[in-house]
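**Student:** If you want the building blocks of each chain, they are given just below.
Protein chains: 6
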Amino acid sequence: MKFNSSEIFKLVADFVREDVGRGDITTEALASNGVSARGKFLAEERLVLAGLEMADAVFGVLEASVEIEAFASDGDWVKKDDCFARVSGPADVLLTGERVALNLMRHLSGIATLTRQYVDAIQGTHAVVIDTRMTTPGLRLLERYAVMSGGGHNYRMGLDDGILIQNNHVALVGGIKEAIERLREAGLDYLHKIEVEVSGRADLAEALGAGADVILFTRLVPEQLNALVQYAKSERADVLLGVTGEVPLDQARAYAETGIDLLAVDTLSGAARAAPISFKISTM
Amino acid sequence: MKFNSSEIFKLVADFVREDVGRGDITTEALASNGVSARGKFLAEERLVLAGLEMADAVFGVLEASVEIEAFASDGDWVKKDDCFARVSGPADVLLTGERVALNLMRHLSGIATLTRQYVDAIQGTHAVVIDTRMTTPGLRLLERYAVMSGGGHNYRMGLDDGILIQNNHVALVGGIKEAIERLREAGLDYLHKIEVEVSGRADLAEALGAGADVILFTRLVPEQLNALVQYAKSERADVLLGVTGEVPLDQARAYAETGIDLLAVDTLSGAARAAPISFKISTM
Amino acid sequence: MKFNSSEIFKLVADFVREDVGRGDITTEALASNGVSARGKFLAEERLVLAGLEMADAVFGVLEASVEIEAFASDGDWVKKDDCFARVSGPADVLLTGERVALNLMRHLSGIATLTRQYVDAIQGTHAVVIDTRMTTPGLRLLERYAVMSGGGHNYRMGLDDGILIQNNHVALVGGIKEAIERLREAGLDYLHKIEVEVSGRADLAEALGAGADVILFTRLVPEQLNALVQYAKSERADVLLGVTGEVPLDQARAYAETGIDLLAVDTLSGAARAAPISFKISTM
Amino acid sequence: MKFNSSEIFKLVADFVREDVGRGDITTEALASNGVSARGKFLAEERLVLAGLEMADAVFGVLEASVEIEAFASDGDWVKKDDCFARVSGPADVLLTGERVALNLMRHLSGIATLTRQYVDAIQGTHAVVIDTRMTTPGLRLLERYAVMSGGGHNYRMGLDDGILIQNNHVALVGGIKEAIERLREAGLDYLHKIEVEVSGRADLAEALGAGADVILFTRLVPEQLNALVQYAKSERADVLLGVTGEVPLDQARAYAETGIDLLAVDTLSGAARAAPISFKISTM
Amino acid sequence: MKFNSSEIFKLVADFVREDVGRGDITTEALASNGVSARGKFLAEERLVLAGLEMADAVFGVLEASVEIEAFASDGDWVKKDDCFARVSGPADVLLTGERVALNLMRHLSGIATLTRQYVDAIQGTHAVVIDTRMTTPGLRLLERYAVMSGGGHNYRMGLDDGILIQNNHVALVGGIKEAIERLREAGLDYLHKIEVEVSGRADLAEALGAGADVILFTRLVPEQLNALVQYAKSERADVLLGVTGEVPLDQARAYAETGIDLLAVDTLSGAARAAPISFKISTM
Amino acid sequence: MKFNSSEIFKLVADFVREDVGRGDITTEALASNGVSARGKFLAEERLVLAGLEMADAVFGVLEASVEIEAFASDGDWVKKDDCFARVSGPADVLLTGERVALNLMRHLSGIATLTRQYVDAIQGTHAVVIDTRMTTPGLRLLERYAVMSGGGHNYRMGLDDGILIQNNHVALVGGIKEAIERLREAGLDYLHKIEVEVSGRADLAEALGAGADVILFTRLVPEQLNALVQYAKSERADVLLGVTGEVPLDQARAYAETGIDLLAVDTLSGAARAAPISFKISTM
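Protein chains in written order, with the numbering used here: chain A, 33 to 316; chain B, 33 to 316; chain C, 33 to 316; chain D, 33 to 316; chain E, 33 to 316; chain F, 33 to 316.
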């Protein structure tokens with residue numbers, strides 16, 4: 033995932049406006065004398081880094097001359113107490129931008145770190161970790177970026193770039209087969225794979241029979257899943273199989289070992305704890 | 033905290049745009065035939081509710097005719113498996129709006145629930161739970177609202193509505209006393225209390241002597257804090273005292289029992305787990 | 033394709049602002065006395081209608097009370113001289129909104145009409161007409177809607193909702209096979225079909241061999257295409273086949289009869305002539 | 033017509049957002065490795081160029097470092113197969129920006145080319161080609177620029193910068209004379225010429241008698257027009273005379289030779305075919 | 033001047049946001065209990081009213097249910113101590129919106145009142161009062177509306193809707209005659225009158241000779257002006273004549289009596305004192 | 033008060049758009065040939081300067097290459113006929129930007145000059161001049177900056193960054209004491225001082241007794257005020273005392289000499305006359 037520079041500036045400028053409002057009254061009174069300073073970003077625990085470019089943009093929004101020097105890249109493990117980036121510029125700009133930069137990096141690195149834990153947990157299996165649309169409102173693109181930094185893959189960006197037939201759709205339409213046919217009539221299969229969420233053998237059989245490209249299992253424990261995966265593979269070797277839902281970290285491997293291709297973890301955003309990162313300022 | 037209706041519509045419209053993008057392709061193909069449906073919001077665990085008005089706005093952005101009927105209010109405890117709200121409208125609108133409404137309510141109710149746990153933990157002490165500027169970028173107003181729904185109070189909205197002298201400011205200016213004097217010269221004390229972050233006795237004495245209105249202790253364990261609180265109270269009875277930092281939930285009471293007035297918990301946003309809420313749709 | 037009402041209002045308000053600017057000086061001086069009037073939209077030639085809802089929104093932006101009554105729907109053929117819609121409201125609002133409403137409907141109906149001509153031209157074959165990303169800047173969603181009104185299907189909405197490997201990509205990566213492998217490594221095949229643009233037999237063979245889901249032929253005359261389609265079908269029965277490029281209307285059938293599934297016409301927007309629609313106002 | 037640089041950047045950024053959405057998924061997977069490339073813009077037919085500055089801005093929005101080198105200027109005739117501009121920069125930026133840049137230049141050059149055909153058709157007569165408010169919604173400023181690049185002049189930018197009394201106004205007010213008087217009472221004649229649309233001798237006589245500054249004839253064939261122009265000139269030598277409406281290209285000269293000053297062509301935007309321009313990328 | 037309702041809502045919502053920011057903390061704590069109240073707008077001096085519709089929109093932005101009842105219209109003289117409008121709604125909404133509504137009405141009524149004083153001062157002469165581009169940044173449309181409410185006329189809305197050749201232009205081009213010729217070559221005289229600013233007889237003669245439509249005299253005392261007006265009228269009876277500049281109120285009549293058509297007063301915005309209007313709230 | 037550079041650019045770009053609209057038609061026709069010019073800003077009277085940075089941004093929005101050279105700073109007294117800044121760049125950019133730059137500097141310097149007059153009037157007393165929320169809609173931040181340039185201090189930025197209990201609040205709540213208690217219950221005193229507006233002895237006594245931090249007297253003549261100030265000081269030495277209202281300049285000293293701390297002048301924006309500044313352009 034790559035951001036164009038004008039997009040990221042616009043996004044971050046909104047975050048700066050949210051925190052700075054009509055001005056940083058404390059800092060303006062105390063530190064607007066042009067003194068230069070240096071700030072160090074430090075990891076207070078071992079973490080997977082995400083958000084350096086966004087942190088850089090925070091200071092850039094405030095003053096073009098601020099420079100950030102990075103000693104690690106997004107996606108890297110950073111050790112406890114490591115300084116992974118250094119910022120130089122007017123002291124007041126560093127003080128004013130500090131909190132927004134930290135809030136961004138802490139949030140994104142938290143997601144990246146949790147994602148990496150899932151990735152590590154299923155290492156050696158065939159499956160990959162993917163995200164879902166359960167993201168924090170307003171932050172989807174950034175959280176997707178954090179998932180990629182953590183070694184996961186992205187799934188649907190929104191309701192407009194992928195098909196997923198869920199229970200509620202099936203209930204309205206009357207059946208998986210009919211749903212798939214309608215999507216084909218609408219021409220949606222020219223571009224997109226047809227994906228269906230199933231939670232039992234009957235639904236699975238119907239989806240496979242109707243030509244679904246991807247099956248996402250939901251609401252199943254690993255043992256139940258195992259049987260269905262075997263069945264699906266025996267019926268159609270070409271279909272992609274995945275699991276979606278909350279998937280606790282300690283069960284991730286059990287799920288992955290059923291032979292699925294995709295482990296779609298609902299809670300990468302909602303269960304990640306902000307990563308502990310601090311910022312120390314010193315005058316130059 | 034109260035939102036004016038045009039502000040909330042604008043905010044939520046951005047979240048809808050983020051998820052729906054150029055259109056919900058699955059639902060448009062399957063359910064745009066005008067069938068009416070009803071959706072129920074269910075708590076999958078006991079939780080403190082927050083975000084009903086925002087969820088309502090999600091559907092309103094998509095179609096003015098959708099109505100939400102609530103059986104609980106923001107700030108209420110909702111029991112596991114309770115249906116706390118019901119939405120009626122075109123089936124496709126419910127399907128398209130479901131995820132954004134859930135993402136909002138899950139995030140905000142998660143924060144409200146965690147806040148309430150802190151509030152309950154310190155019940156009977158003199159202290160109140162307040163939030164800090166460590167919020168998710170773009171969501172400060174909503175997260176503040178969630179903290180209030182949980183029974184907490186709000187602190188600084190941004191850098192522009194309150195003064196806080198932190199270590200970095202002191203280092204630049206040369207001392208707490210000089211910092212307070214400069215803020216007074218700038219006329220900031222006409223409107224705002226002067227607040228100082230301290231982590232030791234020398235700083236505390238300097239802040240009290242210079243006339244700080246509020247002292248926020250940081251980086252102290254409860255025992256250390258206890259001594260400083262006694263000292264501060266003996267020196268100046270009129271000063272407000274608080275603690276700020278991560279404050280683990282299981283230590284909240286120990287901190288509160290030192291006699292502080294304010295328990296500023298950094299992690300209300302960053303450590304809250306999204307509350308488990310689901311949405312079930314049925315045709316009418 | 034369905035627009036949510038707040039989106040369409042926002043889009044159309046921009047178009048109104050573009051034309052009305054700081055106010056309709058002629059009309060304000062001549063007709064702001066509150067007189068009611070009625071306006072009729074007339075087809076000056078036989079055409080396929082598209083844009084009624086947008087025209088309605090134009091008047092709604094200017095004054096909420098204006099009402100539009102439609103005698104045909106988007107996608108219908110309207111005969112020469114037919115009045116297909118009637119608007120009632122203050123005379124000045126009709127006069128001020130007329131041009132924007134007409135510009136929108138003329139542009140969109142032009143595209144719908146041209147699309148229908150392609151659809152009719154290939155009727156009875158297996159192929160369907162689809163659009164491409166060659167749209168007028170700023171109007172993609174509306175032009176897509178017009179294509180659907182004309183009986184076509186939509187293809188990629190943007191660079192973010194579908195994969196298409198084009199010559200330039202292949203040149204950079206070194207081969208179609210390698211390109212497909214990289215897309216798979218990036219996990220893009222979980223959601224999207226892998227589509228490849230080819231213009232000769234070697235490329236086609238490489239794409240088929242590497243497992244492409246969709247082949248779009250380009251820069252071929254119908255006879256050349258015919259041979260390649262036969263070859264592709266003999267190799268892989270499951271692959272979707274299409275043609276993309278300018279595809280003159282009088283050759284559309286020849287292309288379609290090669291047995292392709294998709295006729296992607298580049299020029300639906302760029303070659304469509306605005307449909308002749310006029311608006312007659314009379315006082316009530 | 034001159035654009036200030038911040039305006040054009042803002043406009044083009046919206047077009048880029050429309051096409052790129054949440055990211056160019058194909059190119060990010062295949063070409064985000066920092067390889068430099070060069071792209072050539074080629075005319076596939078003889079055309080009048082318009083939109084170079086806008087194309088330049090497209091790449092600038094994506095990445096500040098991209099540079100465009102032009103071998104022709106807007107308004108120049110470019111021969112078939114000529115390379116009129118060359119872009120250098122990261123390969124992925126060229127691939128991602130290509131379509132928006134082409135869509136813009138093709139649309140604008142199409143209008144410029146058609147305008148030039150009208151200008152050439154009436155060369156040697158007294159008349160000039162001017163545009164009208166029949167433009168593509170959202171693109172008026174750019175299309176005006178294209179008309180100027182083609183050698184035409186601009187007319188009203190919107191309803192706010194010029195007066196035009198049309199049939200509908202006259203019907204409401206009760207007469208051309210009364211309309212002109214009201215506009216004078218409103219003080220609109222301090223700044224603007226008073227222009228009246230007429231389609232017959234009675235209206236013409238009334239407009240001339242009431243002191244109209246400009247007469248725009250409409251719905252007349254050249255022979256009818258001829259007589260009215262002679263009459264108008266004999267009555268008032270100082271009045272400007274024009275024709276407005278669709279004016280087919282092959283009748284343009286006949287209209288111009290009646291002695292009018294202005295040939296206002298309604299169809300410069302709506303009838304122009306996108307100019308065939310292509311873009312070839314090669315690595316450096 | 034007429035505002036469309038979506039434009040005015042958008043404009044006023046920005047003003048509300050400026051004042052209310054993240055919420056009216058005092059009122060939320062004291063009056064958010066749903067009590068209804070009534071507020072009266074009172075004139076503390078005799079004044080010409082302007083801005084009722086904008087004041088209404090202020091409350092509408094905060095809460096759709098608030099209603100305003102007006103006892104006077106924009107443009108009316110209101111006597112000292114008169115209540116000219118009454119608002120009913122939730123007490124907190126009235127308290128929160130009061131200041132923005134007052135700031136708007138005070139500013140606009142101040143301009144309307146000053147304009148009316150000019151209009152009255154020159155009553156009986158041939159001249160009318162018009163405004164100029166010397167307006168408060170961001171408020172031009174509203175200030176223009178206030179001038180009209182005061183009985184004045186509007187002049188240029190911006191640099192794009194009227195021509196004015198000023199000294200600086202003449203200096204660059206080399207002469208008034210050449211400037212007028214260039215404007216004609218650019219086709220600007222099809223729509224706009226050609227206006228020239230002159231401050232002496234030589235310039236006046238050149239402008240008249242070159243066919244200027246409007247002459248604006250500047251930097252002249254009434255006696256000097258008198259002579260030039262006589263000269264201009266003797267040379268060209270059809271030309272409009274005006275005066276522009278600060279024009280003190282006590283000299284307005286002397287200027288008007290020279291026989292000019294237009295009195296363009298630069299200081300209608302910049303010299304107007306905010307009109308004294310107050311707002312009294314009582315519970316219902 | 034300090035503006036971040038992206039904020040000021042955004043704000044000023046809106047002002048430029050308001051004046052330039054679709055383009056400066058006069059200047060484009062006369063001066064778009066690339067000639068360089070120089071413009072001088074001149075004070076036509078003695079004034080306190082404010083707005084240089086904003087004027088600079090006006091030209092920067094139009095063309096990045098324009099440079100401004102200043103011979104004075106915001107807050108300085110500038111003598112009559114002094115040139116305090118010089119701009120160099122393309123002639124057309126100077127001509128197009130001139131009016132917006134002047135409108136901004138004239139408005140802000142007018143406020144700065146009036147503020148300085150108040151500051152000078154009370155020199156030697158204990159009081160300082162502060163502003164109020166009676167500002168021009170849309171310009172609060174800039175007007176605040178002008179007040180600071182004039183030597184005043186800023187007070188509330190909006191309803192969200194300070195508490196002020198006014199008559200209307202007291203009437204709703206039932207008493208000053210109860211109002212203060214409610215604000216404390218809402219936790220607003222953690223950050224903000226509690227300020228109360230009073231106009232008589234009973235209110236004053238209640239406010240002092242309930243622990244108000246700041247008292248703002250209103251609707252009192254200096255003699256009445258004198259007695260209340262003495263009383264307040266005898267009761268509570270620690271409370272800040274101020275006066276708010278229109279405060280005519282010639283009574284400012286009498287008010288200040290009562291011993292108050294704050295002189296909150298309502299009319300700094302509304303009564304300030306635009307400062308006379310002109311701009312002379314010459315070619316280079």
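Any given hint might turn out to be false.
Note that the list lumps identical chains together, so a pair holds whenever it fits in one copy or between two copies.
[As the list claims (entries may be wrong)] Computed list of lysine to aspartate or glutamate pairs in DMTMM-like fashion (alpha-carbon distance at most 25 angstroms, straight line):
(1) K72 x D298
(2) K34 x E238
(3) K209 x E77
(4) K265 x E213
These are computed hints drawn from the structure, not numbers from a lab.
**Student:** Should K209 paired with E77 be assigned to within, between, both, or neither, using CA atoms and 25 angstroms as the limit?
**Tutor:** neither (50 angstroms within a copy, 34 angstroms between copies)
**Student:** Taking 25 angstroms as the upper bound on the Cα-Cα distance, should K265 and E213 be classified as within, between, both, or neither?
**Tutor:** both (22 angstroms within a copy, 22 angstroms between copies)
**Student:** Tell me, please, which holds for K34 and E238 at an alpha-carbon limit of 25 angstroms: within, between, both or neither?
**Tutor:** Result: close neither inside a copy nor across copies, 38 angstroms intra and 29 angstroms inter.
**Student:** Could you figure out if K72 and D298 sit no more than 25 angstroms apart (CA to CA) within one copy, between two copies, both or neither?
**Tutor:** between (33 angstroms within a copy, 20 angstroms between copies)
Against the hints set out earlier in the document, violations occur for numbers 2, 3.
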